[in-house]
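Engineer: Each chain is listed here by its residues.
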Amino acid sequence: MKLLLFLAAQPSATENLIYYIAAGVLTVAVLIGIAMMSKVETSVKGNLLGAISMLLAIVLTLWYFNIFTVIELWIAMLVGLAIGITAAMRVKMIQMPQMVGLLNGLGGGASMLAGILTLIAADPFETSFSLITAGLAIFVGSLTLTGSLVAAGKLHKVLPQRPIVLKGHPLWTALSLILSLVTVVLLAVPYILMVPILKTLLILLSALLSGAFGIIFAIRVGGADMPITISLLNSLSGVAGAIAGMAIADPLLVAVGGVVGASGLLLTQIMCRAMNRKLLDILLGKTSAQGKPKAKKETVKVIEETAVETVQSPEMSCGCWLRDAERVIIVPGYGMALSQAQSSVKQLMTELEADGKEVKFAIHPVAGRMPGHMNVLLAEVDIPYDKLYEMQDINEDFKDADVVIVIGANDVVNPAANTAEGTPIYGMPILDVEDAKSLIMCNYDTQPGYAGVDNPLYEGGREHIALMLGDAKETLGAIMSSYREGDGTDEVTPSGEAMTTELQSGTWLRDAERVIIVPGYGMALSQAQSAVKQLMTELEQEGKEVSFAIHPVAGRMPGHMNVLLAEVDIPYDKLKEMDEVNPEFKNTDVAIIIGANDVINPAANTAEGTPIYGMPILDVEDAKHVIICNFDKLPGYAGVDNPLYEEGRTDRIALMLGDAKETLDAITKAFRTCKVQPTVEGATASPEQKGGRWLADAARVIIVPGYGMALSQAQSTVKSLMMELEQQGKEVKFAIHPVAGRMPGHMNVLLAEVDVPYDKLYEMQDINPEFEETDVAIIIGANDVINPAANTAEGTPIYGMPILDVEDAKHVIICNFDKLPGYAGVDNPLYEEGHEDHIALLLGDAKETLGALIREYRGC
Amino acid sequence: MTTTQGILIAVFVVATLVGYKIINRVPSLLHTPLMSGMNAFSGVTVLGCLSATAMAAHWGSKVLGFIAIVLAMINVVSGFGVTDRMLRMFHSSKPKNGGNES
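Chains as they are written, first to last, in the numbering used here: chain W, 1 to 860; chain D, 1 to 102.
Among the hints, a few may not be true.
Each computed DSS-like pair below joins lysine-lysine, with the alpha-carbon atoms no more than 30 Å apart [unchecked claim]: (1) D:Lys21 with W:Lys576; (2) W:Lys39 with D:Lys21; (3) D:Lys21 with W:Lys199; (4) W:Lys661 with W:Lys624; (5) W:Lys45 with D:Lys62; (6) W:Lys278 with D:Lys21; (7) W:Lys167 with W:Lys544.
Here chain D is said to cover these stretches of chain W; the calculated rule only asks that three of the stretch's residues, wherever they fall, bring their Cβ under 8 Å from a Cβ of chain D [said to hold, decoys possible]: (8) 23–33; (9) 230–238; (10) 258–267.
Here are the in silico distance ranges between beta carbons for each label pair [to be verified]: (11) W:Pro190 with D:Val14: 43 to 51 Å; (12) W:Asn418 with D:Val14: 53 to 61 Å; (13) W:His835 with D:Ser92: 41 to 49 Å; (14) W:Trp63 with D:Ser92: 39 to 47 Å; (15) D:Ile9 with W:Val25: 16 to 24 Å; (16) W:Thr42 with D:Ile7: 27 to 35 Å; (17) W:Gly658 with D:Ile9: 50 to 58 Å.
Hints in this document: simulated from the structure, not taken from any laboratory. The beta-carbon is built from N, C-alpha and C at its ideal position, and this holds for glycine as well.
Let's have the full structure, built from the sequences with the hints guiding it.
Structural biologist: Here is the structure:
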């Protein structure tokens, strides 16, 4: 306390009391504000309460230290205020992660400076508590500053997104950490502080070293680990403030800093749990991107079981792969010799070649038990020797091969030879079977080969690899029968598949009742939120139930998806958390994935040893149909292949690759076309269909609103009809009869309410001549004012009344509730039958009939 | 350790625990606004900067303090501003809420 106050006038005891009480009250206010942020309804007020508390805290501080008149404080605060407001207003929602990161950094920087100031002003014989806390404030503040800047830079793509690993990274991390802590300790030694130059130097050094630690720690964190890092930095910025508060003995700072620290820590925990990562792993830079193969005996055993489960039936995928393949390479090994599977191999080769596929054999120099062992065996079954290639000749070809079939070879294809330093096979040249698009391994078991080194190819979770365990002759037989089976159906599927993926998605959506949309970072990247919104709106118009499944770590910061969807006004009660939504996938007709990858990767449940194993995911696979709108088929950040991308599941999964905005648009369009298809087939066109077609062909449209529009509150539907028509370049006008509605100008008010520009509203005398040149006139709940009987039916109450000459239009669409006469009680000849080619009668509630009309119009 | 220090540490521990408890109730729907709100609060360090700057003896310290106040103020103001903007975007479909811009 005295540390700061030795310069200022000592506040009186009462002042002290008031200060502490006020600080307590403000702390409680802050906590209440945060508590209010747990509900959407109260959250805006909660935030405001927090802001006001902060303002009061500033005033309180100025009063307590009696520094109201220090002009530079005001200037500094105003500068900060101006920059802060501008930044808050300018920042785009998509930039929120980097904004949060940057702000974290600023808070940390300020805490660092507070620590420095405290130390500069400190009396060398100050209590070591103050000195140490001041030093720690520099440490935490500085690392928060630089770490946040790096994180923000990565998120803003100024720095590369991928983890940057320096040579000897762990060493640098440890070194910078230890050295900065040493400076912090040295700063608390009174005798050092007595030498001014030494003190300045130490302060500078400690800030720099801590900053270096922040950079070193942050640069090796990659994209998808960002939610964790940002949360952690958020926590640190609070901790820095709290420590600075201890250094200057300010209870308010300590309390608020503590709360922020706790919140960040909690978020960090939640994120870690959601990604199945350990915080320490991330701090130590074990980024999920480097999923390194585990070589443990126990795990391998489990994989055997799980692998069989995951790839529901490896034969099936093998059959599919082979059917689609053009180039096949077969790699024989000693296992083929053991099971005497040569003739099966020959048979497979013949069948493949019969279908025009190219088949080669890759012979490793040490395959088998003697030089040239394989050549002999294959020659035995009459395989021409010009199909047998030596390693150096064929290794280049693997990457162009569609399918590689390994038969009983192990060490000679073990990629561990390239990486597993210290093992007997390290450095041994191998056949690069891993490079092939698909890999079939027909080995007896997943035990390591002769050299005793585990083969990473046996690990689960690599969906381009099918493991066929057992006797090679049998497994080869299974592959062949699956291949043939497929061959038969081959003729059938193309006609089914001639339907494009979009159309298929459209049909699924048409038939669906419940749809769940799963957004991911890809949606953010392509800024496809509004396309998502559009799809949702159209689906809901058709009475389908649409909800959103939000994985806790989808995106780049906690709650990222929620913000993006809120931005386009999607109601938050449609956004469901993982635990809530997961059981619902079973009853869902279509799940639409938009740019999400790891968070829906079923490999997380099965592929032991991969970085995502055990991570809780959204069970999209349970849905009847899955539409995936991802940019490509590459694995997500964690690098684990997604089995959903595999071929051969087109009956359930539609893959729409490319920019999400475009693929979503394609789906929405396909949905629209599919919608109308079934009805179009109906023998006679319904009035809605007629209306839709007329509108599609029209150039000039006049809408005539009446009291019926007011009754059914159909204004906004009218507006959207207008918008859609205008989008297609059609001219839309409104004809307003002076007595339409229940008061003068009634229609004008209703239309203005929904923002229809008033220059589109025409009075009767202005528009009546135009009906003749109009393609379609749409009557919405108007009756007497358009009743042609007024011109002819002498003796009736409306005779002689001026009306809108809608009859002159080429086509008339009437959206009235029923055919009963209007208020005047005179039958309307427009309702009579026999005008079907000229007049379409859409009876019922105007909002619904208009909705139907709009849909038909879109379909056309 | 003096009483003041004891109190400070106690305040820190209590605030952390209470904060943890309260924040645990915030649904993941609001995690981003929560984070940016907390972010604003972390600018509370402005209080320390204010008093330290006012009492700084050297001009060098004054400059540092000035920068610190500016940084912390940006943190506070932007943090609350951004949080407010985000929170206002969240709408429920049930009651028709008036159109908020942004």
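Engineer: Determine for every hint whether it applies to the structure shown.
Structural biologist: Verification of the supplied hints:
| no. | hint | in the structure |
| --- | --- | --- |
| 1 | D:Lys21 with W:Lys576 | holds, 23 Å |
| 2 | W:Lys39 with D:Lys21 | holds, 15 Å |
| 3 | D:Lys21 with W:Lys199 | violated, 41 Å |
| 4 | W:Lys661 with W:Lys624 | holds, 24 Å |
| 5 | W:Lys45 with D:Lys62 | violated, 36 Å |
| 6 | W:Lys278 with D:Lys21 | holds, 22 Å |
| 7 | W:Lys167 with W:Lys544 | violated, 55 Å |
| 8 | 23–33 | holds (count 3) |
| 9 | 230–238 | holds (count 5) |
| 10 | 258–267 | holds (count 10) |
| 11 | W:Pro190 with D:Val14: 43 to 51 Å | violated, 32 Å |
| 12 | W:Asn418 with D:Val14: 53 to 61 Å | holds, 56 Å |
| 13 | W:His835 with D:Ser92: 41 to 49 Å | holds, 46 Å |
| 14 | W:Trp63 with D:Ser92: 39 to 47 Å | holds, 42 Å |
| 15 | D:Ile9 with W:Val25: 16 to 24 Å | holds, 21 Å |
| 16 | W:Thr42 with D:Ile7: 27 to 35 Å | holds, 32 Å |
| 17 | W:Gly658 with D:Ile9: 50 to 58 Å | holds, 57 Å |
Violation of the numbered hints given earlier is confined to hints 3, 5, 7, 11; the remaining hints are satisfied by the structure.
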